[in-house]
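Colleague: Take a look at the letters that make up each chain.
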Amino acid sequence: MDFALTEEHNMIIESARAFVEQELYPFEDEVEKTDQIRPELYESIKQKALEMGFYAANMPEELGGGGLDTVSLTLLEKELGRANFGLQYIVARPSNILQACKGEQVDNYLLPTIRGEKIDCLALTEPNAGSDVRSMECRAERDGDHFVINGTKHFISHADVADYVILFAATGVEDTPRGPKKKITTFLVDMGTPGFTVEQGYHSVSHRGYHNCILNFDNCRVHESQILGEEHRGFDVANEWLGATRLSVAAMCLGRAERALEIATEWAATRKQFGKPIGKNQGVSFKLADMALELKAAELLTLYAAWKDDNGGMTDTDAAMAKLKATEMLQMVSDEAIQILGGMGLMDELPLERIWRDHRVERIWDGTSEIQRHIISRAMLRPYEQ
Amino acid sequence: MKVLVPVKRVVDYNVKVRVKADESGVETANVKMSMNPFDEISVEEAIRLKEAGKATEVVVVSIGTAQSQDTLRNALAMGADRAILVEADGEVEPLAVAKILKGVIAEEEPGLVLLGKQAIDDDSNQTAQMLGALTGWPQATFVSKIELGDGSMEATREVDGGLETIKVNMPAVVSVDLRLNEPRYASLPNIMKAKKKPLDTKAAADYGVDVTPRLKTLKVSEPPARAAGIIVGSVSELVEKLKNEAKVI
Ligand SMILES: Cc1cc2nc3c(=O)[nH]c(=O)nc-3n(C[C@H](O)[C@H](O)[C@H](O)COP(=O)(O)OP(=O)(O)OC[C@H]3O[C@@H](n4cnc5c(N)ncnc54)[C@H](O)[C@@H]3O)c2cc1C
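Residue numbers (full-length UniProt numbering), protein chains in the order written: chain A, 1 to 386; chain B, 1 to 249.
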């Protein structure tokens with residue numbers, strides 16, 4: 001087993017760290033306070049990300065992306081994850097699912113999205129369909145060579161800046177041995193298509209400057225050429241391409257935890273009470289040891305899953321374990337970091353309170369912690385099923 | 001014109017260095033190593049000269065252990081074209097480095113050699129000057145601005161009294177100072193390209209240079225801890241202490 005990073009990996013880490021520190025950190029306060037990213041700022045960060053080749057780093061090189069393997073991408077996303085979420089997301093990693101684009105979709109959606117000319121968002125979740133996503137009520141009914149879409153999606157991230165949505169809608173029901181099951185189809189729907197409106201969503205405790213939206217479809221007509229993948233096979237494309245987003249969540253949690261731990265360590269070493277650095281008390285130093293241990297464990301699980309992905313063997317369990325461990329680790333590390341800083345940990349002078357707030361969504365989106373545990377245990381129990 | 005840029009692998013500037021328990025040197029095991037920051041500035045300057053059409057090729061060279069390859073790859077990822085590793089174990093002193101560089105210059109025939117003014121590990125600040133002497137080339141040290149002319153260059157030097165601009169004939173040896181430029185960080189495509197760029201490996205002996213150290217390090221120790229300051233109660237107490245204790249007035 002070889003755990004060593006290559007020199008290329010180290011260079012990616014160093015360049016990404018420099019980018020994050022020089023181009024993103026200086027604007028964190030502004031975004032945290034205003035909950036907005038000014039359009040000029042958005043554009044200038046995007047241009048720099050394009051120049052640096054970080055933009056669409058997840059996409060294949062032959063399509064104009066960064067062509068990173070999963071381990072390298074994980075290391076890059078870990079560094080990006082250190083910064084305010086909204087700012088780091090300007091360095092877009094378009095949904096991998098777009099690689100299912102065919103024919104004209106390649107020129108109309110895939111390539112412009114990789115070049116940064118278009119931004120995608122992805123809509124599965126509905127008010128009545130969260131973890132149980134297949135129960136979705138949004139439906140698309142065939143009408144000749146068109147589909148008529150009706151329904152509502154909510155919690156849809158960055159739909160306010162997106163040019164189109166990768167939409168999942170029910171296109172029928174099939175009978176299976178386990179009872180009736182909805183057939184799902186994936187569509188590419190442009191913003192501005194008649195019958196499709198986007199409204200600002202709810203205000204979240206996490207991720208200032210990064211917004212979620214509500215998508216309404218009211219007799220919205222789209223041509224069948226807008227189907228991504230095949231009709232009724234929406235979950236096949238999702239299953240093939242969306243596992244990677246769990247690693248992405250895990251990777252970003254690692255970066256954030258590392259930043260919190262650095263702040264806490266320095267504080268423990270320099271803050272003096274009762275005539276000595278507080279880190280000289282085991283009550284404080286043992287916290288640091290446990291934080292470092294949790295971070296390392298999460299990092300190993302994440303890189304292990306990434307490595308398996310590169311070598312063609314990542315399972316749902318691998319991705320679920322990485323996501324579960326990294327997000328729950330961030331809860332512990334961000335909370336203990338604040339404890340080590342005391343009152344100062346809560347103040348917005350430092351990024352800790354932000355990291356603590358931001359961690360909360362990570363245990364919910366892209367599959368809640370319970371759903372990850374369900375995925376892991378389901379695979380364990382399956383051999384015993386009658 | 002070809003530009004030759006020597007680069008050194010040193011303990012990263014962010015690392016809090018520690019003296020080894022046996023006081024033989026500083027701890028380098030499991031310590032992050034990077035390119036000497038002054039050398040990053042010279043690599044950057046060379047790449048900028050190439051981008052401006054004033055240089056045709058940027059060759060980087062490092063003298064050190066096999067791990068110095070990492071430093072060379074970094075320079076290639078920044079945009080250098082080609083690398084040479086001259087393998088030598090242990091500490092190589094400035095004079096030996098300068099002699100090897102003289103050999104590399106004889107082979108490569110660059111029009112300009114850009115070196116960092118010093119390496120942040122031993123802070124010797126000698127290699128460029130020694131190289132200038134050995135080659136007999138004009139030298140400009142502590143340079144914060146370079147203006148290339150025809151067969152000569154104007155170099156702005158940072159000297160104690162301010163800035164001094166000198167004209168030197170080319171080929172020349174230049175040592176760069178902090179304010180010359182701000183080095184770029186490598187872009188993703190350039191990082192990927194770096195591993196395909198040529199990296200030649202040589203040995204110190206290829207240049208007929210004996211790298212045995214001429215100096216013996218007797219002991220390396222931590223700098224003395226600074227004593228805590230005191231707070232004085234009044235101006236007259238301050239003056240009294242400055243006069244009688246510190247003896248500075
Ligand atoms: C800020 C934000 C941005 C988002 N962005 C997007 C987006 O861009 N696109 C998109 O499609 N979705 C998005 N989501 C939706 C996200 O994926 C869902 O919130 C998530 O899947 C959970 O669904 P839910 O919130 O409806 O919770 P529910 O599914 O209602 O779950 C409520 C609770 O019940 C538990 N639970 C549910 N089922 C089970 C079970 N079988 N066993 C045990 N426990 C269970 C859950 O773990 C949870 O604790 C976003 C969410 C947020 C908060």
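I should point out that these hints are in silico values taken from the structure, not numbers from a laboratory.
Backbone N, C-alpha and C fix where the C-beta goes; we use that ideal spot for every residue, glycine too.
There may be inaccurate statements among the hints.
With a straight-line cut-off of 25 angstroms between C-alpha atoms, the simulated BS3-like cross-links for lysine-lysine are [unchecked claim]: (1) B:Lys2 <-> A:Lys296; (2) B:Lys50 <-> B:Lys2; (3) B:Lys196 <-> B:Lys99; (4) A:Lys48 <-> B:Lys16; (5) B:Lys50 <-> A:Lys48; (6) B:Lys195 <-> A:Lys272; (7) B:Lys99 <-> A:Lys280; (8) A:Lys276 <-> B:Lys16; (9) B:Lys20 <-> A:Lys46; (10) A:Lys308 <-> B:Lys195; (11) A:Lys280 <-> B:Lys195; (12) A:Lys48 <-> B:Lys2; (13) A:Lys272 <-> A:Lys182; (14) B:Lys54 <-> B:Lys20.
Partial chain B-side listing against chain A, Cβ under 10 angstroms, derived [said to hold, decoys possible]: (15) Ala77; (16) Asn190; (17) Ile191; (18) Pro213.
Colleague: Run every hint past the structure and note whether it holds.
Modeller: Now for the hints, and whether the structure bears them out:
Straight-line distance between C-alpha atoms of B:Lys2 and A:Lys296 comes to about 46 angstroms, which puts the hinted pair past the 25 angstroms bound. Between the alpha carbons of B:Lys50 and B:Lys2 the distance comes to roughly 9 angstroms, so the proposed pair stays at or under 25 angstroms and holds. With a CA separation close to 29 angstroms, the supplied pair B:Lys196 and B:Lys99 exceeds the 25 angstroms bound. Restraint check: the Cα-Cα separation between A:Lys48 and B:Lys16 comes to about 32 angstroms, which exceeds 25 angstroms; the hinted pair is violated.
Simply put, B:Lys50 and A:Lys48 have alpha-carbon atoms about 22 angstroms apart, close enough for the 25 angstroms limit, and the pair holds. Taking the CA atoms of B:Lys195 and A:Lys272, the gap is near 48 angstroms; set against the 25 angstroms cutoff, the hint is violated. Distance check on the hinted pair: B:Lys99 and A:Lys280 sit about 50 angstroms apart at the alpha-carbon level, beyond 25 angstroms; violated. Using a Cα cut-off of 25 angstroms, the hinted pair A:Lys276 and B:Lys16 holds, with the two alpha carbons roughly 21 angstroms apart.
For the hint pairing B:Lys20 with A:Lys46, the CA-to-CA distance comes to about 46 angstroms; that exceeds 25 angstroms, so the pair is violated. The straight-line distance between the Cα atoms of A:Lys308 and B:Lys195 is roughly 24 angstroms, inside the 25 angstroms bound, and the hint therefore holds. At most 25 angstroms may separate the alpha-carbon atoms for a hinted pair to count; A:Lys280 and B:Lys195 exceed this at roughly 45 angstroms. This hinted pair does not check out: A:Lys48 and B:Lys2 have alpha carbons roughly 30 angstroms apart, beyond 25 angstroms.
Restraint check for A:Lys272 and A:Lys182: the C-alpha separation of about 62 angstroms exceeds 25 angstroms, so the hint is violated. Distance check on the hinted pair: B:Lys54 and B:Lys20 sit about 46 angstroms apart at the alpha-carbon level, beyond 25 angstroms; violated. Because the closest C-beta pair between B:Ala77 and chain A is about 5 angstroms apart, less than 10 angstroms, the hint holds. Hint status for B:Asn190: holds, given a least beta-carbon distance of 8 angstroms to chain A, under 10 angstroms.
Interface hint at B:Ile191: satisfied, since its Cβ lies 5 angstroms from the closest Cβ of chain A, which is below the 10 angstroms cut-off. The criterion of a C-beta within 10 angstroms of any C-beta in chain A is not met by B:Pro213, whose closest approach is roughly 28 angstroms, and the hint is violated.
Checked against the numbered hints listed earlier, the structure breaks hints 1, 3, 4, 6, 7, 9, 11, 12, 13, 14 and 18; every other hint is satisfied.
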